[in-house]
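Protein sequence lines, in the order shown, are assigned to chains R and W. In terms of my numbering, the first sequence has 220 at position 220, counting the first letter as 1, and numbering is strictly consecutive. In terms of my numbering, the second sequence has 307 at position 307, counting the first letter as 1, and numbering is strictly consecutive.
Take the hints with a grain of salt, since some may be wrong.
Here are some, though not all, of the chain W residues that point toward chain R, as calculated from beta-carbon distances under 10 angstroms [what the hints assert, rightly or not]:
(1) 233
(2) 235
(3) 251
(4) 253
(5) 255
(6) 259
(7) 312
Hint data in this document are derived by calculation from the structure and do not stem from the laboratory. A virtual CB, placed ideally from N, CA and C, is assigned to each residue, including glycine.
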Amino acid sequence: MNAPGSNSNRHDNDAGFDDVILSVEGVTKVYPGTIALKEVNFAVRRGAVNVLVGENGAGKSTMMKIIAGAEQPSMGRLLLDGVPVELASSAEALRHGIGIVYQELNLFPNLSIAENVFIAHEITRAGIDIDADAQRAKVRELLKRLELDVSPDTLVEDLRIGQQQLVEIAKALAHDARILILDEPTSALSAAEVEVLFQVIADLKSQGVSIVYISHRLEELIRIGDYITVLRDGRITGHQPMAQVDVPWIVRMMVGRDTKDFSRPIGHERGAEVLTARNVSLPRKGGGFLVDHVSLTLHAGEIVGIYGLMGAGRSELFECILGCHPHAGGEIVLAGQSLAGKPIARRVADGLALIPEDRKADALLPILSVGSNMTLSNLAAFARGFDIRTQQERASILSYIRDLAIKVADWRLPVSSLSGGNQQKVVIARALMTSPKVLLMDEPSRGIDIGAKADIFKVMRDLAVKGLGILFVTSDLEEVKALSDRILVMSNGRITAEFDAAEASDNALVAASAVGHRTGHGTAPQPGQDGHDGHDRLAAA
Amino acid sequence: MTGSPQRERDSPFASSAIYTLETLHMTVAIKSVVPASSIGEAPLLLLLKLRTFIALFAVLIFFSFAAHNFLSIANLLIMSRHVALNAFLAIGMTFVIVAGGIDLSVGSIVGLSGMVAGGLILHGIPLGGYTLYLSVPVVILVALAAGVLIGALNGVLITRLNVAPFIATLGTLYIARGAALLSSGGETFPNLTGNPDYGTTGFPLLGSATLFGVPGPVWLLVVIGLFAAYVAARTPLGRQIYAIGSNERAAQLSGVRVNRVKMTVYMFSGFCAAIVGLIISSELVASHPMSGETFELNAIAAAVLGGTSMSGGRGKIGGTIVGAFVIGILSDGLVMMGVSAFWQTVIKGVVIVAAVVVDQVQRRVQQRFALQKQAATGA
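The following block holds chain W by itself, in its conformation from the complex (with noise of 0.2 angstroms):
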């Protein structure tokens, strides 16, 4: 028994058959003195890592039987469109948490982008006698164009001006409010189906259209998520944003361009929240200034609740779409049931405290485990 770690660390054999000498060891030499709690970590780990997918089937399962009709198709067409307008902003939010910061300015952009698109369609440009009236794919690229654009302002104060994340956004969250509101005196822009005469129709179809039966939305968000897991995973761009959550000090002595890096991170978000102003006035056929108001925080919750955490460096984009789903059922599904809108609030709450205090669990079994690997290998 004592000696079984000299014949670990000579063991030719590779890290599977450590893993095995390891279990051995543990179960003969530990057992005596400590109590055995460390049974089946391995499968306990696997459990909390696929902690969000798990809920996610909970809440199927449970609404599937609490409420009617929710497991038809017509309604998991519909919760997919409204959890897909929070996946998007989610998406943007998670790499900007994972660099280490924070974007409460999603929530106004989706109202100011609506409020361009509106107005642009509805009342053009003037400009001097004449109006200038923009065909639909370049309203869209303008609206797309103003979101990036507060995306980049928030960039700039954080990475030019040295003003924190928090602070930064939650400006420019009442400047982009201000404007949306500003742009239409604070009345909505409505019945946006356009003038075959000035060429601005076919709007609404941004929102309504379908393929395959599925909404136009849902697929933007596959390429999109597509687009972004990629990004994360495997490209030097996402490595770099997960290395400044990590320690931008140490980014930025090893030769990452953080500013320039964290612009994009901004920029991307505020994309992703134009996106959402978009789809949001085509389906409405009409654009609200006030639309989006606190959909940052679904968006930060849909983040955290995929296992994004707040001091950066940590989370996946399976991971926040995945939550966004949950607090997506969740919400339509109690709607369906008929609880109390305050009593929804309350349970999304609870839920979201829930996921982080799992995500804490897991993070100490999982060091414990990293621990045993080590100690298998003899460092």
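One chain only, chain R, in its complex shape (with noise of 0.2 angstroms):
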């Protein structure tokens, strides 16, 4: 192989080894019939945030699983503090203070902070009893640590996303991790919940623990980052103090180009009003309204954006829309016609389509092929009697896979081979096949690259120069800034304000998407008979 010489990223061994808490060298990493990593040098500095980003497909998830002990390299090594080490598991890497919190939280909701915590690694009286009031008492103090004020024994199910994600942060700091491995930390926290992640980072840096930082954020990382390292196609792309770069320069590295303009495009006029939502209401368990009146209006050709917390209804108000919860009050009008009483398949018949923001939960079909995935919304079109013409569901299929650049080596391929934007593409396609009026996104670019985000974004511009209505949620105030023509803002159930796009600032949006938000962990909704009876039924099916 070749000499680590030829490689272009030197600044590794220049930058003297005293900073440097874990090195990795010239490590290769193999799939059956892919290398992930290519002779791959990285550096974690003690007591800094090293940002990874790169994207989807890149080599992330693979650098961060071999520094977790997830995977092992299938060449090159790991330095912990200047001495090789083999980390055979994740137990092992533990054991040697690397801890990681992985974007899909592994925590168990039917049992308290402290369980959690503690799980599988318990504090335990000669091996069989477990010690609850030590396991309380470290708890806590590790709650205090991270700021929640919360009690050890809350159940995780009680807790907001962000809490959550503490817990597993206060999991990894339980270990005395010196190294944590923060994989896209914030993808599913609002802004405030950033910030607090954001001061337990810097707390934790001050107190020594190096932090390995993946995000697709990418003023996120300026901030926070104090170094970064760009993947693509598993080779380093740019290694860098974040002080000496900017983003553009991080895009050229992630991509190869530069970033694609979001701009609105100019001049295409609204049309009739679409669809309507007067005073729609879901009650929540307990009291109180999950949606609480909302009433909104959505013209042909218009985007909208939903700005809003996690919690702030935003889903729930979709699904009313969309006939989910046959018990919500209100009215819905979907281009004229009252939508009451009507289940969700004569909604979607009728122009509705959702693409949800929980795509492996609500969107794919993951045994089934990417074709299949397409069509399911839209079999009828294709079926003459009884009978699918597979020549026009195919000739359909390959049609959208060209014109939302899908990459897939065959339609027939299961979903689940793909990748994070690919898969959204594909739910999108299924979305259009139906020649919706209305198109719902939820959280349309969350947990996806950068370059299929450009595509979704130009392909919703697109849909709405033809005269789509479209409705989308989103946490991230540059994406909802960028894609509006109006923003409305959700918070605690209701409409808190509405932007024309032009005239929105970020601390105006912000300050509405907090109105009445509920700060305290008591109120959380109990969880009801019903959700678990479906999640069993599910479960056992």
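Make the complex out of the two chains shown on their own, each in a separate frame, by following the hints.
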């Protein structure tokens, strides 16, 4: 193989080992048929935030897994404090003080915070009896360190998602983690929760914890990072102290070209009112409302962004519009027709389509092919009587794959083999195939890379020009300002502000998103019996 | 060597070209670092995919040597008769399992529909002082309707009342069996040849008729098998059944009428079971209330053997039918060899478990293979 000298990333070696706690040297990771990392050198600096960026498939997660011991390098080695180590498992990495918080949280909602923190590492008396008091005391200390003001006995399911993330961090800290890997920690957090997390990261840093921080949100990286490493196609394309870089530089290193233009197209007229919601409300179990008498209008050719925090009732509003909650109050009118009493299938047929927030749980059919995933909502259109005309179906699938630039070798491959961005495009294709009048998009850019994001934004724009009404939900300020013609802000189940996109300021948006928002944990809804049954049934089936 | 991924991506060739490039890439770049276990995965995958067929040929060849007269036409016809009964149930069961459910009630529906037919032929319907006798085609329709009705009951319990499929169909298993026993007080309805005076003759023909020497039930299996395979592969209903089994909530949000599809699936399963009940009663010219007991287990076994995944979303009608043949031939062949019934039971269990293990192996190989294909596209 190549001599290390031929590699362009020499700064790691130049930097001296004093401030480097962990270094990855010449690591190559080969999966059957693909090389995820190619002779990568990467240094984690002590007491600093080491940012790792790259598009999906660039090798970020492989690198992360190697550092966390979940995967082993095919070639190359890891040096911890200058000493070569072999991390055969996550447990071993944890013993070396390397902790990881995955994007998909690994918590048990039915157990308490203390039980979660010490899961599989319980503090015991004589190896049998769990010393709950000792665990509680230790967890209380950790929670204090993380400024999370809840009891260790709180059930995890009663925590907001940002708080759950802090519990994951507590889990790593309980094992005296000196290196903490955070994988997209903010993807599900509200602006306020992000601030809390950043404060925690700053505190940990000052306590000497080294952070490896992975994210797609570039502004955030610039703010929080001390060093940045960019990966593309399994190679490191850039490695700099954060002070010396800016967003265009990062994007250039990531995609090999400058950022795409998100600017608004000019001069297309908005059409007639296509969706009206009047006093839509969804009661919360145990009092109050998840969706609190929301009224809104959407015109054809208009993109309306709904900005708000997680738990503000945005997804529930979409579910009410689509008819998932038969007991929801209020009235929905689609293109002049009331949707009262119509089941989901009728609403979809009438021209509503939802791109759900949680792709895996609510949108993808993992076993089925890319093609079957795309045509599911629109099978009737391909069928003559009882028979699906496969020629037509195939032609339609191929044309959408082309139009949306979906990267897939064969449309008969299972959809689970695609990257997040391409899966999202498949879900969008499914919605578009029904020729909807109104598109409801719930966090359409969540967990996808910047290239796919730009593609999807462009598609949204094009659709609006063609006369679709688009209602989309996001917690990303940049995104809501760049894409929307009009911005609604939701907080605590209500619409608290409405802005024309031109006049919306960050401060006004954030302020409106915090109106009347719950901060306590005690008022969290008790999970209802129905919800449980539903889950059990799905699990059993 | 290091430039090869770029070359693949820029390649103007279609996927066939990518494949060869990919293999090249594999052998050059990877052999040195990973053990050469990846060689010959395509043929391996094909073998694994055809495993049910291979198992079928294996049992056929084995018994043709081990059991006297096994390959005689007469014996094959008798066996296909036995297989057909299980295959009907297994076809209905496959749809149910693919949709993410389970139907334990089919064995009892076999018994009940037979009793409905037997009762109507033998005793008719008492109407005050008169007794109404139905002609055999009408009797058959009524018995089929009884099966569909129990299926509909399953569907309502599962879709409207949110009862887990296992529990709902366990309940109807007992209900239908109890109803079958009640209909005659536990007695057999004997001698269903019918009475020419009442126009109730001809029922035995259903089971005994042949066409070109092949028994009627086998022809019926061909018809229903083709129909079911077509529904599964080429109709919106079929696609939606797979979608529901893969991710019910996603299907719902995409506008699939989940409840309606599930109702259809359970009603079809009941329909298939009723056919079996009718055929058995007709063959025996008698209906017994305990007929069909534990048939549901054989049906599940055939479906699983044919590659149906118990977690839903995966399974093929063709595979299920072949699976039913493997089970049927296995038990008939062992009987002819004089193997004890106890050993037969053990062997059947081993075969089922082995089938699922092989299924898992295939899934893993397939995943690895898909990964390689994906790597070839540079995704």
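* So which hints don't hold here, by number, going up? -> none
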